[in-house]
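Student: Following the hints, put chain B in place on chain A, whose structure we already have.
Line by line, the protein sequences are chains A and B.
Quick note on numbering: the first sequence equals residues 1 to 146 in my numbering.
Quick note on numbering: the second sequence equals residues 1001 to 1105 in my numbering.
Please note that a few of the clues may not be correct.
[What the hints assert, rightly or not] Once the Cα atoms are required to be at most 25 Å apart in a straight line, the calculated SDA-like pairs of lysine to any residue come out as: (1) A/122 / A/139; (2) A/136 / B/1027; (3) A/122 / B/1032; (4) A/136 / A/46.
[Stated by the list, open to error] A few chain B positions that, by computed beta-carbon distances, are all more than 12 Å from chain A: (5) 1086; (6) 1087; (7) 1088; (8) 1089; (9) 1103.
[What the hints assert, rightly or not] Which residues of chain A face chain B? A few of them, derived with a C-beta cut under 10 Å, are: (10) 29; (11) 57; (12) 60; (13) 68; (14) 100.
Honestly, the hints are just simulated from the structure, not real lab data.
What you are looking at is a predicted structure, and each value in this text was computed from that prediction instead of being measured.
Where is the CB? At the ideal position from N, CA and C, for every residue including glycine.
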Amino acid sequence: MTFLQVRLHPARFDPLTSLAAWECQGPGSTSAAAHFIGRVRASSAGGQPLEALELEHYPGMTERQLERLAADCAERHGVAAVLVEHRIGLVLPGDAIVLVAVAADRRGPAQRCCQELLEALKHDAPFWKREWSGGKGTWITGNTPL
Amino acid sequence: MADPDPGLEPRGREITLSVKLFAGLREQAGWGERMVTMVARPAATPQRLWQILQIAKDGVQPGVSLPAGPLPESVRVAVNQSFAEADHLLVDGDEVAYLPAISGG
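This is chain A alone, in the form it adopts within the complex (with noise of 0.2 Å):
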């Protein structure tokens, strides 16, 4: 049985003391994690100086979705456990945004989980951005390539 776990959080926190806090908890005795962290960019999408990317999400839905992405990932990939952790709301340069985390008995399935599932909550979990700056918003239409 995977262990599975999905918050969203409303302020800033710190994706080591997630990381550290799971360790503590969900891979067990597992033998390979992968982990991924991502932060805000310095800049827009324009090239301008970002003042703070806002985050705005499905209540609701998004909690379901990432449940439902993450359990279908780890199903497919056979791992042990997968962390998931995404910010909602207005989030600043150099701040993370989602941290994705997974425990496998083998690294090719927890980097391929980790990577598979990072891309599926990038296109099929309800958020959207808006990046503030120069005082403007501005709605992000699509992701950053890969």
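Tutor: Relative to chain A, chain B alone:
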């Protein structure tokens, strides 16, 4: 296939839906959530509801600034908080959300 609403007048019964818009769509429309009543015949679908939102005139013209025409390909639909197709059959009490291009992670 049997008529699902035998005995009802030809116009069909009305269903009431909770409609949600997010991010740029919400700002275009000027509202994020409202209850909408529509006739269930012909089929009540998110595609048809989208057209109704564009022409609704209940005093505040709720959807006049939504993109005109059929549902844009960039807009996804969720019914009761699960992704659904634009031709999904809606029933009374459904929550229908129109989701602009997603950008998570």
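Student: Assess, step by step, whether the Cα of residue 136 of chain A is no farther than 25 Å from the Cα of residue 46 of chain A, and give holds or violated.
Tutor: It holds: about 12 Å lies between the C-alpha atoms, which stays within 25 Å.
Student: Mind checking the alpha carbons of residue 136 of chain A and residue 1027 of chain B for me, to see if they're no more than 25 Å apart?
Tutor: holds (14 Å)
Student: Please verify that hint: residue 60 of chain A, Cβ, nearest Cβ of chain B, below 10 Å or not.
Tutor: holds (5 Å)
Student: Given the hinted pair residue 122 of chain A and residue 139 of chain A, is their alpha-carbon gap at most 25 Å?
Tutor: holds (15 Å)
Student: Return the status of the interface hint for residue 57 of chain A: holds when the least beta-carbon distance to chain B is below 10 Å, violated otherwise.
Tutor: With Cβ-Cβ at 8 Å, under 10 Å, it holds.
Student: Taking 12 Å as the cut and beta carbons as the points, is residue 1103 of chain B off the interface with chain A?
Tutor: Incorrect as stated: the minimum Cβ-Cβ distance to chain A is 5 Å, not above 12 Å.
Student: Going by Cβ atoms, does residue 1089 of chain B stay more than 12 Å from chain A at every point?
Tutor: holds (20 Å)
Student: Given a cut of 10 Å on the nearest C-beta pair, is the interface hint for residue 68 of chain A held or broken against chain B?
Tutor: Result: holds, 9 Å to nearest chain B Cβ.
Student: Take a quick look at residue 1087 of chain B and tell me if its Cβ sits farther than 12 Å from every Cβ on chain A, holds or violated.
Tutor: Holds: least Cβ distance 20 Å, greater than 12 Å.
Student: Are residue 122 of chain A and residue 1032 of chain B close enough, with their CA atoms no more than 25 Å apart?
Tutor: Between residue 122 of chain A and residue 1032 of chain B the Cα gap is close to 23 Å, so the pair holds against 25 Å.
Student: If we take the beta carbon of residue 1086 of chain B, is the closest beta carbon in chain A still more than 12 Å away?
Tutor: holds (17 Å)
Student: Tell me if the interface restraint on residue 29 of chain A is satisfied: Cβ within less than 10 Å of some Cβ in chain B.
Tutor: Status violated, d = 29 Å.
Of the numbered hints stated above, those contradicted by the structure are hints 9, 10, listed in ascending order.
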